[in-house]
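**Q** Given the sequences, and given the hints that come with them, work out the whole structure.
Line by line, the protein sequences give chains A and B. Here my numbering is used: position 56 in the first sequence is 56, and no number is missing along the way. Here my numbering is used: position 12 in the second sequence is 12, and no number is missing along the way.
Think of the hints as simulated: they come from the structure by calculation, not from any bench. Careful, some of the hints might be misleading.
Claimed, not checked - If you want the footprint, here are the derived chain B segments under chain A, 3+ residues with CB under 8 Å:
(1) 8-20
(2) 53-67
(3) 82-96
(4) 121-128
(5) 133-141
Beta carbons: idealized from backbone N, C-alpha and C, even for Gly.
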Amino acid sequence: MSESYDIDINTGVDDDDAMMVDEDTRPASVKRKGRGFRSESKDESRDGVRSGDKYDQFESTTDEDAAAGRAQRSVEGWIVLVVGLHEESTEDEITDKFADYGEIKNLHLNLDRRTGFVKGYALVEYETYKEAKNAIDAVNGTKLLGATLHCDFAFIRAPISIASGTDRESRDRGANRNRVGSRRRGRSSSPSRRY
Amino acid sequence: MGRYGHEFLEFEFRADGRCRYANNSNYRNDSLIRKENTNPLCFSEYCSVYVSPLMMKELKRIIQESEVMKEDDQRWPKKNVVGRQELEIRLGNEHISFETAKIGSLVDVQESDDPEGLRVFYYLVQDLKCLVFSLIGLHFKIKPI
Numbered sequence: 001m002s003e004s005y006d007i008d009i010n011t012g013v014d015d016d017d018a019m020m021v022d023e024d025t026r027p028a029s030v031k032r033k034g035r036g037f038r039s040e041s042k043d044e045s046r047d048g049v050r051s052g053d054k055y056d057q058f059e060s061t062t063d064e065d066a067a068a069g070r071a072q073r074s075v076e077g078w079i080v081l082v083v084g085l086h087e088e089s090t091e092d093e094i095t096d097k098f099a100d101y102g103e104i105k106n107l108h109l110n111l112d113r114r115t116g117f118v119k120g121y122a123l124v125e126y127e128t129y130k131e132a133k134n135a136i137d138a139v140n141g142t143k144l145l146g147a148t149l150h151c152d153f154a155f156i157r158a159p160i161s162i163a164s165g166t167d168r169e170s171r172d173r174g175a176n177r178n179r180v181g182s183r184r185r186g187r188s189s190s191p192s193r194r195y
Numbered sequence: 001m002g003r004y005g006h007e008f009l010e011f012e013f014r015a016d017g018r019c020r021y022a023n024n025s026n027y028r029n030d031s032l033i034r035k036e037n038t039n040p041l042c043f044s045e046y047c048s049v050y051v052s053p054l055m056m057k058e059l060k061r062i063i064q065e066s067e068v069m070k071e072d073d074q075r076w077p078k079k080n081v082v083g084r085q086e087l088e089i090r091l092g093n094e095h096i097s098f099e100t101a102k103i104g105s106l107v108d109v110q111e112s113d114d115p116e117g118l119r120v121f122y123y124l125v126q127d128l129k130c131l132v133f134s135l136i137g138l139h140f141k142i143k144p145i
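**A** Now the structure itself:
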C-alpha cells in the first residue's frame with residue numbers, strides 16, 4: 001500500500017546517509033522525481049528511523065500556533081530558536097541581545113556551508129523555562145541589523161493524539177521498543193519540575 | 001558487510017514536527033567513541049523529539065532557498081561500494097526522492113555530469129545535517145559523530 005523509498009542493502013554497501021523531510025501532507029496530485037521512487041526492494045531492513053508508510057496520517061501544521069504552552073525541556077535546559085537573522089550577524093550581537101534574560105548556557109549559530117555567512121537561525125539555551133520564555137517574548141519581532149527576528153521554543157511535547165496512541169503509533173512504539181525501551185516514556189515527566 | 005560494517009546516519013522530519021534521528025556505526029565498539037556516547041537518555045543514538053512549528057518553518061525556508069526541488073538526480077553518481085545518500089522531501093505537491101553516492105568533497109561534485117545540481121544537493125545536505133546535529137546535540141547532549 002505504501003511507496004517503497006528504501007533501497008537494497010547491497011552486500012558492498014557499508015555506509016549510507018539518509019535524510020527524510022516531510023513538509024506537507026496534502027493529498028493533491030503530486031509530482032514525483034528521483035531514483036528513490038524506482039527502487040523495488042521491500043525487504044530492506046529498517047534499522048534506521050525511516051518509516052515505511054508515510055504521508056497519509058498527519059495533518060499539515062499551521063504556522064500560527066506558538067509552542068509556548070507545550071514547550072519541551074531538553075536535557076540541560078530550554079532551547080530557544082531564533083530565525084530571521086541577518087547573514088552578517090555575529091555571536092557577540094546575539095549574545096548581547098539574549099543575555100538580558102538569563103545566562104546563556106549554549107549558543108549555536110550555524111553557518112551556510114556554501115557562503116560561510118550565517119544561515120539565518122540560532123539556537124540559544126537557558127537553564128530555566130522562565131528565562132527562555134522571557135527571551136522569546138522580548139526578542140520576538142525585534143530587529144537585529146535591520147532584519148526582523150522571530151523566536152519560539154525549538155522543541156515541543158508530543159501531540160496528545162500520540163499519547164493516546166493510534167494504530168500507527170503503537171506499531172511504531174513496538175518497533176522501537178528494543179532500541180528506546182522505556183527510557184523515552186520514563187523521562188517525559190521531567191519538564192514540569194523546572195517551572 | 002563491507003570493510004567497515006554497516007554504518008548509517010538517518011534523520012527524518014514529519015509535518016507534525018516529529019524529528020527522528022539515528023546514527024549507527026560499527027565504531028561503537030571502539031571504547032573511545034563508546035565513552036562519548038554513554039548518555040543514558042539516548043540509548044543507541046536513536047532519538048525522537050518534536051520540534052516547534054517555527055522550527056519546521058525554518059526548515060522549509062532552508063529547503064526552498066536551496067531550490068533543490070528543481071534538481072534531478074538522473075545524472076548524479078550512482079550509489080556504490082563506498083555508500084549511498086538518500087534525500088526525500090515532500091513540499092507542497094512536489095515530492096523528490098533522490099539517491100546518489102557518497103560525496104567526499106567538491107572535487108566529486110565538479111567531476112560529476114551535473115555539477116550545478118549536485119552542488120545544490122551537497123550543500124543542502126550539509127546545512128541540514130548541521131541543523132540536525134545542533135538540535136540533537138542540544139536536546140540530548142550527545143555529540144553526533
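**Q** Next step is simple, just say for each hint if it's right about the structure.
**A** Against the structure, the hints:
1. 8-20: Our answer is that it holds, as 12 residues pass the Cβ test (under 8 Å) against chain A, meeting three.
2. 53-67: Holds: 11 residues of the segment 53-67 of chain B have a Cβ under 8 Å from chain A.
3. 82-96: Per the Cβ count (15), the hint holds.
4. 121-128: holds (count 5)
5. 133-141: holds (count 7)
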